[in-house]
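**Student:** Sequence:
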Amino acid sequence: MEPLSYYVERAVEVLKNIEEPDKETIENLKNRAFIGNGNAFQVAKYYANKLNGYAIEPTYYKSLKKDERVCVISASGSKDSIEICKYFDDVVLITCNKDAPAKEYAKETIVLPSVKEPPFYNVSTYSAMIYWIDRQDYKFREDGFLKYLLRKPSIIFIGDELTYPIACMCALKVREIFGKLSAGLSDMEAYHGWFLHDNDDEAVICLNTNFDLVNNYKIVGTPLELLLTIYYNIGFLQEELEINDYKYDMVLKKKGWKI
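In this note's numbering, the protein residues as written are 162 to 420.
In case anyone wonders, no lab produced these hints; they're calculated from the structure. You may find that some hints are simply not true.
Have a look at the derived ranges for each label pair, beta carbon to beta carbon [to be verified]: (1) L413 / N371: 40 to 46 angstroms; (2) D373 / M411: 38 to 44 angstroms; (3) Y378 / M411: 23 to 29 angstroms.
Below, in silico cross-link-like pairs of lysine to aspartate or glutamate (EDC-like), each with a Cα-Cα straight-line distance of 16 angstroms or less [to be verified]: (4) K308 / D362; (5) K211 / E188; (6) K223 / D250; (7) K268 / D228; (8) K211 / D295; (9) K223 / E188; (10) K277 / E170; (11) K308 / D251.
Idealized CB from N, CA, C, for every residue including glycine.
Using the sequences provided together with the hints, build the complete structure.
**Tutor:** As C-alpha cells, then:
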C-alpha cells in the first residue's frame, strides 16, 4: 500500500479540475444541519462554519426533526450515511462515489472527483470537498521538524475557528496511521484542563493560532495547505517506519460495511 504522501501528491491533480459550485447550489446548502462520521464530521463542521449552518455528530441525528434540512457528508456515500439519508425528508448528499448507495434516499446528490484510495485514507475526497466550497491555495511541503514531532508518543493539534476541523482531521490521521494517542482541539478548548501537567513526551502543533500555555510548534497556511502538509509528512514517516499493516478489514466485517 502506498503511503499517505503519495495520495497527497495525487490529490493536488484532483483539485485542479474541480469546478466552482453555482450560486443556486450554495443557497440550497445554506442553513442546513451538516452530518458526517469520522473525518467527514470535521468536513461537516467546516461546511457549517462557511454556510451558516450547524454540525451534528451522527450519534445524535435522531434528535432532529425528520423535516430538518440536512446535508450528509460521506466520501463513499455508504456505511452510516445510508440510514441517516433514509431518516430525513430533505437531504443533500455530498460524496465522491457516483454509485453511492445512500443517493437512493437523498433528495439531491453532489458528486465530487477523487482518486481511488485505501478506505480510510480519504485524502483526495475530503480535500476536494473543502476546496469545492472554499477556494484557497493548497501548496504542501516537507517539514523536517514537523516529522520529528510526529515521532512523539502523543500529539495534540490546536486550531482556531477555521482550522479546528483540520486539527481534528490530522489527529485522527495520526491515530489511524501510527496507532498512537492524538487529539484535535480548538484554541478555546485547549485552555480547559488539557495542559495542567508537564509532558515532554507530547508534541503540541498549532495551526494558524497562538497558544501560550506550553511550548508548541506553529505552522501557518490555508486550511488545505495545513491539511496536506501534515498528511504529507505523516506519509513520509509512515514510509520511513514501514507501516503498512492495518486492521480495517476487521472493522468492515464487524460493522457489515461495504466499500
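**Student:** Determine for every hint whether it applies to the structure shown.
**Tutor:** Hints versus structure:
| no. | hint | in the structure |
| --- | --- | --- |
| 1 | L413 / N371: 40 to 46 angstroms | 41 angstroms, holds |
| 2 | D373 / M411: 38 to 44 angstroms | 42 angstroms, holds |
| 3 | Y378 / M411: 23 to 29 angstroms | 34 angstroms, violated |
| 4 | K308 / D362 | 15 angstroms, holds |
| 5 | K211 / E188 | 12 angstroms, holds |
| 6 | K223 / D250 | 13 angstroms, holds |
| 7 | K268 / D228 | 12 angstroms, holds |
| 8 | K211 / D295 | 8 angstroms, holds |
| 9 | K223 / E188 | 25 angstroms, violated |
| 10 | K277 / E170 | 13 angstroms, holds |
| 11 | K308 / D251 | 44 angstroms, violated |
In the structure shown, a violation is registered for the earlier hints numbered 3, 9, 11, in ascending order.
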